[in-house]
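Participant: Quick note on my numbering: the sequence shown kicks off at 18 and runs consecutively.
Just so you know, these hints were derived from the structure itself, not from any lab.
A couple of the hints might just be wrong.
To be verified - Derived CB-CB ranges, DEER-like:
1. 96 - 335: 37 to 45 Å
2. 335 - 134: 31 to 39 Å
3. 327 - 307: 20 to 28 Å
4. 40 - 314: 44 to 52 Å
5. 114 - 194: 35 to 43 Å
6. 273 - 295: 21 to 29 Å
7. 260 - 134: 39 to 47 Å
8. 18 - 295: 35 to 43 Å
9. 273 - 136: 12 to 20 Å
10. 70 - 196: 32 to 40 Å
Said to hold, decoys possible - Keeping only pairs whose Cα atoms sit at most 27 Å apart, straight-line, the calculated DSS-like set for lysine-lysine is:
11. 206 - 324
12. 206 - 152
13. 108 - 167
14. 324 - 260
15. 167 - 152
16. 206 - 260
17. 167 - 206
18. 108 - 152
No residue lacks a Cβ here, since even glycine has one placed at the ideal position from N, Cα and C.
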Amino acid sequence: MRQISYADAGMEALIEEMGRDATTFHLSTDAPPPLVERFGESRVRGTPIAEGALTGMAIGAAGSGFRPIIDWRMVTFSFVAMDQVVNQASKIHYMFGGQARFPILYRCTVGGGVRMAAQHSQSPYSMFMNLAGLKMILPSTPRDTKGLLKSAIRDDNPVISFESTRLLTLVGEVPEEEYTIPLGVAEVKREGSDVTIIALAWLVHEALAAAEILEAEGISAEVIDPRTLVPMDTDTLRASVRKTGRLIIADEAGPTCSAAAEISALVTEDPATFRALRASVRRVCALQVPIPYSPTLEDHVFPDRNKIAAAAREVMAES
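Model the full assembly from the supplied sequences, consistent with the hints where possible.
Facilitator: See below:
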């Protein structure tokens, strides 16, 4: 095992996959120097600031036998390419009757914590989850980032990788050897028996910290990281809730029509899991407001370990 950062783990995934497959190329408004040095300007292009064009070019290239990687940078910049994502990338495999492959990786950063105000602190993955035809990953550790990105690049469908801005400098263990992490497989980050905490991205780490706080109070929390938003590993999530009888969902996005809302529905609509619940489901999400620039207000808007622990005490008291 080596200790490397979340951002470096992502770069390693790209270098390894571009070295493995010559049809893979990279487009972004910045050409990453490590990729240019390895693969040259013919496969690593710095482009004009035209995300609509990049997003559309990837679809055509994928249908022509290539395996493009498009880095939108912040998720904010993907919004000018919504026609290409909504009407083309998500539907084109179906519109072609499954006769052509469209392997595309779209990358972007999401979330707050770095004081970049409302436009650049968003976590709008649920907007994309509503579209049939897209796969989505949301890694929380360097190991997961590398393994999931490698699987996403190899997948024959469009995949969006949402990568937490807060976690880019996080250092963690990454295997020396070749590995991938399959899409659609959640991970139990910590086992527990009293309450299940399903947490996304940065909040996985806050949930683990909350579990430590709760352990000192005699509450055993199980922390689960879905890792993949689409497809979602419903079996693992439901099995944990059936064991603990209580569920908290921690998500940096707002609660309305969110990934947290979808997870809540996936758990409670299953009869066996619903019968096992001993308390109502709690969502610990950002407030449903634009993210403030003020550090004090931004910290107030987002969930954290203390809010997660408070929710756990509530569900324990309720049952």
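Participant: Of the numbered hints stated previously, which ones are contradicted by the structure, given in increasing order?
Facilitator: Structure breaks no hint.
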